[in-house]
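Protein chains in written order, with our numbering: chain A, 1 to 134; chain B, 135 to 414.
Take the hints with a grain of salt, since some may be wrong.
What follows is a set of in silico ranges between Cβ atoms, one per label pair, in the way DEER data are often shown [to be verified]:
hint, chain 1, residue 1, chain 2, residue 2, range
1, B, 245, A, 58, 43 to 51 Å
2, B, 200, A, 94, 21 to 29 Å
3, A, 58, B, 176, 46 to 54 Å
4, B, 229, A, 47, 32 to 40 Å
Since the hints were derived computationally from the structure, they do not count as laboratory data.
Since this is a predicted model, take the numbers as computed values, not measurements.
Quick reminder that beta carbons are idealized off the backbone N, C-alpha and C, glycines included.
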Amino acid sequence: MKQDIHEYLAAFEDIPGTRVYTAARARQGYWLNQFAMSLMKAANRDRWKADERAYLDQWQLTDAQKQAVLDRDYNRMLDLGGNIYFLSKIFSTDGIPFAEACSTMTDMTFPEYRQMMLDGGRSPEGNRSIKGGY
Amino acid sequence: MARITAGVGSSHIPLLGVAVDQGKTGDDYFGPIFKGYEWTKAWEKSEKPDVVVLVYNDHASAFDANIIPTFAIGCGERYKPADEGWGPRPVPDVEGHTDLAWHIAQSLILDDFDMTIINEMDVDHGLTVPLSMMFGTPDKWPVKVIPLAVNVVTYPVPSGNRCWALGEAIARAVESFPEDLNVQVWGTGGMSHQLQGPRAGLLNRKWDNHFMDLLVGDSQEARAIPHIEYLRETGSEGIEIVMWLIMRGALGTKTRLLHRHYHIPCSNTAVGHMVLEPTT
Numbered sequence: 001m002k003q004d005i006h007e008y009l010a011a012f013e014d015i016p017g018t019r020v021y022t023a024a025r026a027r028q029g030y031w032l033n034q035f036a037m038s039l040m041k042a043a044n045r046d047r048w049k050a051d052e053r054a055y056l057d058q059w060q061l062t063d064a065q066k067q068a069v070l071d072r073d074y075n076r077m078l079d080l081g082g083n084i085y086f087l088s089k090i091f092s093t094d095g096i097p098f099a100e101a102c103s104t105m106t107d108m109t110f111p112e113y114r115q116m117m118l119d120g121g122r123s124p125e126g127n128r129s130i131k132g133g134y
Numbered sequence: 135m136a137r138i139t140a141g142v143g144s145s146h147i148p149l150l151g152v153a154v155d156q157g158k159t160g161d162d163y164f165g166p167i168f169k170g171y172e173w174t175k176a177w178e179k180s181e182k183p184d185v186v187v188l189v190y191n192d193h194a195s196a197f198d199a200n201i202i203p204t205f206a207i208g209c210g211e212r213y214k215p216a217d218e219g220w221g222p223r224p225v226p227d228v229e230g231h232t233d234l235a236w237h238i239a240q241s242l243i244l245d246d247f248d249m250t251i252i253n254e255m256d257v258d259h260g261l262t263v264p265l266s267m268m269f270g271t272p273d274k275w276p277v278k279v280i281p282l283a284v285n286v287v288t289y290p291v292p293s294g295n296r297c298w299a300l301g302e303a304i305a306r307a308v309e310s311f312p313e314d315l316n317v318q319v320w321g322t323g324g325m326s327h328q329l330q331g332p333r334a335g336l337l338n339r340k341w342d343n344h345f346m347d348l349l350v351g352d353s354q355e356a357r358a359i360p361h362i363e364y365l366r367e368t369g370s371e372g373i374e375i376v377m378w379l380i381m382r383g384a385l386g387t388k389t390r391l392l393h394r395h396y397h398i399p400c401s402n403t404a405v406g407h408m409v410l411e412p413t414t
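Extracted from the complex, chain B is given alone in its bound form (with noise of 0.2 Å):
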């Protein structure tokens, strides 16, 4: 049988993505930010996933403002780093698990859960730095991708409760697959940033830091948290994390902390990750 056998939380900031492509990982500047990623990168190739469920947001790239899925999932065999208006980024195409992803859709739905389907898109920094920053620049990304958008971008955005409670439904339909597959889900976004307006550069380690705290061993506490406490602690942009809920939700119960890393600026954002592994 499938199984989750880990979930990492990740920001996918796009500078990082251009400090791969442009070679700048160990400048000064990015230096202690991929420093942070080293730990996770060994494990990721010791741990060697067959399988990523890759939670994130789409930024104005696949979808436009015409349609607005809240929960989408990735059901297609390929999908193409995108033009996000200065050209793709010179990455691997990322290539799915249509089996394991049909399922996970089929199950979803009948969970209560009423996913919107995609067959074909391409996928932005949002998909492709996590990649970057756990596998570094292979040929051939060693994993293959079961995309997850999330709506994080109109309000109302989904709860916290909600995205918690879709990363247990996730979870059994993993469960429920009869192919022998090692799964890992992974919530990506955050953490603190504000894009726009004055307030522009809001940045709380404080509130990052006690976020990722929720996340290790049994609490639930976060599931509550609502949108108006994201907004004003970690910025309008910050609300990503929520997405984060997802891949704890997949977790079950209880998690152990395996690592973890948090810096302070990469461009407008806080920069945070961590590895946790369900236990009981």
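This is chain A alone, in the form it adopts within the complex (with noise of 0.2 Å):
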């Protein structure tokens, strides 16, 4: 039963337009993680929408991520090792509902995006894998 890890890894690569969320990336994102984490607690929530930069500052993030985090870049912070359980709480601290701060991460507007859902959703029709096509 035992899968070669390499291979393992390897294949999480060919599914288009999704970052699975590896060792790899938990390392990265670590800091990018425990930032967002934080914002659970109400006293920080404060200290952070008082001065969002101030705030960052006191977390070791590097320039890039602090900067996606800034623009609210989300595709850009799974690129940097963010996870989205831990990234919606900065959207949830926005106010932004799940869905609409999906529709950010692809090119669609939250109207079009809402529609698709209600339509049944993004078919799985190609869009499994990269080198497959199917």
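Take each chain as given, in its own frame, and dock them per the hints.
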């Protein structure tokens, strides 16, 4: 039953438009995710809202990670090791629903994204494999 | 002796908790979803389980990025609803069953499952939303709950086969507890959904329903589904459904379907649930 770890991880790179949260991403994004996690406490949310930049500077984020957070560029945050369950603390603090935050990572507006979901969601057809194109 | 009488698989979408907390369960959007749970609510009322072993995943609430247990069991006396960024849900505290939880934890470790043991934690929507779906809005939850948290966030997450085998070991543990208790095992999470990246919004009605088919009867096929299939077919967060296999494993060699419901969409997610009982 044991899978080869290299083959296991390589397959993840073949999924279109998806960053699987691997150990490599977890290492890269550790402080980004810990910063986001800190927003679960009301007192931290207040400090964050008062001065985002000053709050970020208290964490060991890279400049690129800080900029992605300030820009609310969620795809960039994912690229820099963010995980969506941690990043959700940022848009929750902004008062933005999960579906709206998701739409910002796609090529659609929120109304377009919402309509796609009502119509049955994004089809898996053609979205399963980059190499295979199925 | 304690006995496992039934298993429930269910989505635990946070927006369902919002709908319950804001009294929107009858509106056009949520109505069809909550209608699908009516049978199950009535069934739970008549079944009156004493304890639910509730398999779920924490969504960066009790566990941060620091410590990542693959399988963790709550052995505490009570758990408070977590503040997930917008204040805790206005639901009752969750009462544990400390004696049975410690019995299961010890039995699992002797059975080669090296569990992480939790004494104190807050529980997020992954655990409280299924309780709301099955029991509505009581002043006090009518069951004691043993939280069983699974890492389905940081890869590698446990394999389907390992989840199934853990379920089998939970069944052995429960059956060796001397007190006469009616125990259910719930597997939660899913169904298809992707919450990140340009592919966000992926849903797969066909795959989800095929997965539910596989849990009825004596098929063992689902335990061999590799992670890459969940990821390709059901979206990056669809992997949560691997936790249903712990519930299925706990029901033994064969199951009978009592109820099943599926609806698209709820927020970003396909919502499904099924009620199974062990049979011979």
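Now for the hints, and whether the structure bears them out:
1. B/245 x A/58: 43 to 51 Å: Since the Cβ atoms of residue 245 of chain B and residue 58 of chain A sit about 45 Å apart, the hinted range of 43 to 51 Å holds.
2. B/200 x A/94: 21 to 29 Å: 25 Å, holds
3. A/58 x B/176: 46 to 54 Å: With Cβ atoms ~52 Å apart, the hint holds.
4. B/229 x A/47: 32 to 40 Å: Holds, since residue 229 of chain B and residue 47 of chain A (Cβ atoms, about 34 Å apart) stay within the stated range.
In the structure shown, no violation is registered for any of the earlier numbered hints.
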